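Engineer: As a plain string of letters, each chain reads:
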Amino acid sequence: MIFEKRTERILVPMFFMVALFVPLFLESNSFFVGKVTTILILSIFVMSLDFLVGRVGLITLGHALFYGLGGYLFVILSPEYEAVNFWVYTFYICGISALIALVTGAVVLRTTGIYFIMITLAISQMMFYYFFDSLDFGGNDGVFIFMKPETSIFGLSFLNLDDPQHFYYLALFSLFNTLVFFKVVLRSRFGRIVEATKQNPDRTEALGYNIFAFRLTCYVIGSTLGAYAGFLFALQYGFVNPSFLAWEMSGTALVMSILGGLGTIYGAILGTFTYEGLQYFFEHLTEEWLLFMGSAIILMVILLRKGIAGYLEKLLEK
Amino acid sequence: MANEIVLETEALSKHWGGIKALNDISLQFRDRQLHGVVGPNGAGKSTLLNMLCGTLKPTSGCIFHKGRRIDTLKPWKFVRRGIGRSFQKTNIYPEVTCLENCAISAQRRFGGNFNLFASRHSNQMVRKAAEQALAQVGLEDRTHTIAAEISYGEQRQLEIAMVLATDPCILLLDEPMAGMGHEESQRIIELLKELKKTYCIVLVEHDMDAIFELSDQLTVLDNGRHLITGTVDEVRADPRVKEAYLGAEEDDAEEQAA
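From first to last, the protein sequence lines stand for chains A and B.
Counting along the first sequence from 1, when you hit position 200 you're at 1100 in this note's numbering, and nothing is skipped either side.
Counting along the second sequence from 1, when you hit position 96 you're at 97 in this note's numbering, and nothing is skipped either side.
Chain B on its own, in the form it takes in the complex (with noise of 0.2 Å):
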């Protein structure tokens, strides 16, 4: 627990209209630890985690990084902060490599991004991370194959790397093993495993084992309100996450935990 708090949240509401999507949340997500963000459906982890990357302006209530605050920067300062995000929905470059897709996330590191005239392929260094970034997930063998044709499960994985490739400390991952199988997924978890050890991670997903694996520290919403934060053991054993969001399905995590 003496890990440095990266990330703040204060009082941090988004409110459509009447509606109040999320409402008064106070989080502290700290370096190198997985933190995990469940719920149900329409609790809020989507909008937690575009107002976290800058996408979102936040009602009310303040963002912290490092101690500064940021909720009013635009969204692209956010990556420069070194704040990643990766996407629900898989959102990359369809039409161009795997490789090129990492490049397009590296170049920005590097400068140059107004240089009329310098070949894109004129900088190493864009080209190197471009590759370690792939080589971090795990898709070595893909670097030359173009993105739209590589499995559904591969092109998560791309998805990761692109972050990666923006050098973030902080990652903000929105259900990296959404619609994935099971094989699939075990190996995001390996990679979140390792990952982890580097980086700050806020992870929302609806895998709930993956979950409970990963997460050091567990963030339940609930309607848009913050239900508890703690420990999987603390989380698991609270009344009013099984009432709120578990429900029935309590019985099952509590035989598995013990």
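Excised from the complex, chain A in its bound form (with noise of 0.2 Å):
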């Protein structure tokens, strides 16, 4: 069993079985259905960066680079009037950005602790203001993305990227996918490693472990995966511009996985759902919806000191 807690297996199955079917009684084009479609999609982001910082322990706060580039490798790589592949533009946004994360990553992993931060910080940045100053991508306004990709497999087309609910629910199974891949990883022998080299890293290389190889695969995995959470939502509002890789993207994912509980995943579930939520109710309440917002979030961090997930698993566990 790869949900190893109690919390996770009432969890996990409540949660993908009312997202399976609240959308079938809703209208497609719905208001719900389209911001459900991006909390789901900024989920898979997110847990993507809780993999990261709560279970490898590198605390990254570049992470929006990799959401930044799947929506810029789209641009880049398609042509723009014509519609491509979703399955074959996937694999080629992945592929390029596990490269670019290999790259980068075995610079960045040279360092640990607060340069760590700063680096990770600095090369984001670094892409924030390319894109920001380019006139080939729109510079601050962005590039468009006018034909959305159409998705066949060998001829045989289910889905249909631009009916709102065939996209949500390609979002909820790349969550669930996402999901199941960082669960099964972290059960697997190669998770047992990155979990030791987080509990204690000089031990582990001690044991004989190349601990940079172990980090190194694990900011790739994560990495790619925000790559394609950024690509997916790129495609959903048609735009890419340079806020996709704006530290505050980093900043906020981080917020959000720290509220669903770190290091847990599918606490970035409950967290990006809690944040997004917290933020369409106060938003709607008052101007200086800002203000209450932040608020809130510091009374939960006080509160629930390890986030929703770990306060939940406090009344479900035993």
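What the hints contain is simulated information worked out from the structure, not anything from laboratory work.
Predicted model, so just to flag it, every value in this text is computed and none were measured.
Keep in mind that the hints are not guaranteed to be accurate.
[Claimed, not checked] With a cut-off of at most 20 Å between alpha-carbon atoms, the simulated EDC-like pairs for lysine to aspartate or glutamate come out as follows:
| id | chain 1 | residue 1 | chain 2 | residue 2 |
| --- | --- | --- | --- | --- |
| 1 | B | K197 | B | E244 |
| 2 | A | K1206 | B | E96 |
| 3 | B | K78 | A | E1105 |
| 4 | A | K1214 | B | E96 |
| 5 | A | K1048 | A | D1062 |
| 6 | A | K1083 | B | E96 |
[Claimed, not checked] Simulated coverage check for chain A against chain B, where a stretch passes if three residues somewhere in it have a Cβ under 8 Å from a Cβ of chain B:
| id | region |
| --- | --- |
| 7 | 1075 to 1087 |
| 8 | 1096 to 1110 |
For glycine and all other residues, C-beta sits at the position ideal for the given N, C-alpha and C.
Two chains, two frames, some hints: make the complex.
Structural biologist: This is the structure we're talking about:
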């Protein structure tokens, strides 16, 4: 069983069951479907960050770099007025992002602690300003994506990305796979050493493991999934702009993951939904929503030391 | 004395700026022997050990393992050559069980460390090796206890079990008896007596009784210099040692020897 905790075994099926059936009773292009799709996509991004920060121990402030890359790579690679194949481009984008993560990771992972935070931030800010100032990619305004990709496999197409409901299920399916993937990886022999490296890196190295290689592999995995989330987000809204790779994006994702319960993986979903839910609520309540939003987050972080997942685990375990 | 030399240092030095933590040390460590290293605080014992396991790179000089030069290798490659070390400060994985602690150590040998999909529990060889290491140090009944919850003495034993689980041929032990009560120390002494029949052990220890009892070869370091290496009796009889290290305690030691 890849879900080791009771809380996970209850919450995860419940969440996906509800998420699976609710949209069937809604209009395909309703606001709700679109909004939740966005949150599902964000959850993938937050989950990939939660894996890196909470499970591998790599506190990165540059994760948005890959979120943005996912979007920009699509714009760069695909012809402007022609629908390309979604699966083929997913493969391209993930492949190239993985390669970029491998190269940047080989540099940033030479540092640890505060230096790691600073250098990841620096690299992502570098890319931010590159796209911000570049004339080729619309600068500050970003680029529109005119054609959504088609999704046929061997001539069979069952998914229409122009239909919000279909897109919703694509996002849900992706999130589910991401969750299962991370859980499987963490349970594996590889995961054992990753866990050991986080707990006690010196000892792990003294036991004969090349911890750099383990961290780099994780960095590539996390970054690639982050890029995939960015790619989906760009497709949903039909544009990509520099705000995708702004440091605020990394920061917000970090807050979401802490809110959900750092290192719990499934907590990323809880954190993202809570954050987005609160924001939606306060936004409609008052103009000064940021004030309330901030207070609410401070309160939750103080009261729920191990995040929402940690609180639920306290209630549900044993 | 016929045992093969497995580990050798040649004019090994480590300088920190102008300070010579270790200067021109040439030692030979033999298979199936316990080689004690003693010296006052700051003599360079830990520095020596840290270089023998690859954590520190020597300023000059070389280290040979079975005739091959290894001091330029990455630290984790030392373990792969069979050089395992334990730490002066307990250095375990406190959040997981004792079995898991040893499984982490043992797993490297059986491959599949970059297998992202196979469950960590799927390899029975890893589990067997981990259980065997626990049995070697006598911690069988702690197999499923979380490492943070066992006693300090047991954690020191676990520390050794973790080194054994890497299947080493050389054990570098940094004060395995530090902070232990008499009874617990006695247990470690018995364990080391057993282990030195199969391994080459380099033991850094403050407990003089223990080290006199265990050592086949004894090296005295003082202020980064190599004072003498010999059998326990030779070392005890050496006047330089009396002067530099044993000092006033010497009379007691002589009485005990007689």
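Engineer: Does each hint fit the structure? Answer for all of them.
Structural biologist: Quick rundown of the hints versus the structure:
1. The straight-line distance between the Cα atoms of K197(B) and E244(B) is roughly 30 Å, outside the 20 Å bound, and the hint therefore fails.
2. Under the criterion of a C-alpha separation no larger than 20 Å, the hint pairing K1206(A) with E96(B) is consistent with the structure, at around 16 Å.
3. Pair hint K78(B) plus E1105(A) holds up; C-alpha atoms about 9 Å apart against a cutoff of 20 Å.
4. Annotation: proposed proximity of K1214(A) to E96(B) holds, straight-line Cα distance about 18 Å (limit 20 Å).
5. Between K1048(A) and D1062(A), the direct Cα distance comes to roughly 7 Å. Compliance with the 20 Å bound is thereby established for this hinted pair.
6. Of the supplied pair hints, the one linking K1083(A) and E96(B) holds, its CA atoms being roughly 19 Å apart against a limit of 20 Å.
7. Only residues whose C-beta sits within less than 8 Å of a C-beta in chain B count toward coverage, and the region 1075 to 1087 of chain A has 3 of them, enough to reach three; the restraint holds.
8. Residues of the region 1096 to 1110 of chain A with a Cβ under 8 Å from some Cβ of chain B number 12, which satisfies the need for three, so the listed coverage holds.
Violated hint for the displayed structure: number 1, the only one.
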